[in-house]
Structure formats: C-alpha cells, structure tokens
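K.L.:
Based on the provided sequences and hints, a complete structural model is requested.
Residue numbers (the numbering used here): 1 to 133.
What the hints contain is simulated information worked out from the structure, not anything from laboratory work.
You can trust all of the hints, since none of them are fake.
Quick list of in silico lysine-lysine cross-link-like pairs, BS3-like style, CA-CA up to 30 Å: (1) 65 <-> 108; (2) 21 <-> 108; (3) 88 <-> 108; (4) 4 <-> 21; (5) 65 <-> 4; (6) 65 <-> 21; (7) 4 <-> 108.
DEER-style ranges, computed between Cβ atoms: (8) 4 <-> 79: 19 to 27 Å; (9) 30 <-> 60: 18 to 26 Å; (10) 117 <-> 55: 17 to 25 Å.
We put the beta carbon where it would ideally sit given N, CA and C, even for glycine.
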Amino acid sequence: MPSKIQIPIFCESDVLATVQKCQSLLIQIEMPIDEATLALTAVSEVSRNILNHATSGEVILSIVKEDSLSGLSVVAQDSGPGISDIEKSMADGYSTGKGLGLGLSVAKESMDEFEIESVLGQGTIVRMRKWVP
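P.N.:
See below:
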C-alpha cells in the first residue's frame, strides 16, 4: 500500500473507505491498537464533517517520519461554507447539524497534533498527526 493516499469524499461509502485505508496505514506503521482507535475516530469525524457540512472534499492520509518517530498525517479539506467561529465549533456540544457536537473536539483530543483553518465561503482545512508512541 502506498504511504500517501487521497480519498475524495462525496458519500457515506467514502467515509468508510477513508477509515479502512487509514487502518491499513496504521497497521503498516505498527500503531498500538488503543492509539489506532483514537486516530480512526478522528479520521471518521473529519471525513463525516466534510460530508455533512460541505457535501464534498478530500482526505489525504500519509505516513510521516520525523527524526526517530513514525506517524500518521491527515489533511481533511473542503471548499464548503467555512466555519464562522472556530473556537465555538471546537466546544463539546456545539453543533450546526443533527449531531452531538463532538466531532472536532473529539478529533483534536484523539490526535497528537491538530490545527484548523477556515475561511467563510472558501472552506476548511484540518491538519492532524498521530505519532507511534
């Protein structure tokens, strides 16, 4: 399996495909199961956010190496409406849809590194990393 994978997100099956491809990369880098579960949760959340809030976008998964560390890099991007208040959207329980409002905050807590950029009318980019302990 390649160490970098781009998955377009247009429908529910794309979210599942993203999680499955992520799992393959996590196995490849020998991520412990408890840490892998957190990473898979984060990837599922950001993929689903693309589908629910922007209707389409993409997730780019890759294996990264820094010094003696190996890890998973995730970039989720869309050209949707953007997020007007990132801080508010990161709060547990805040939702603009029918969900529980835990998506972005769960993704952030599940990963070792997390950053988000959003421009109204242009879209959102979420960058995350999970390192093998």
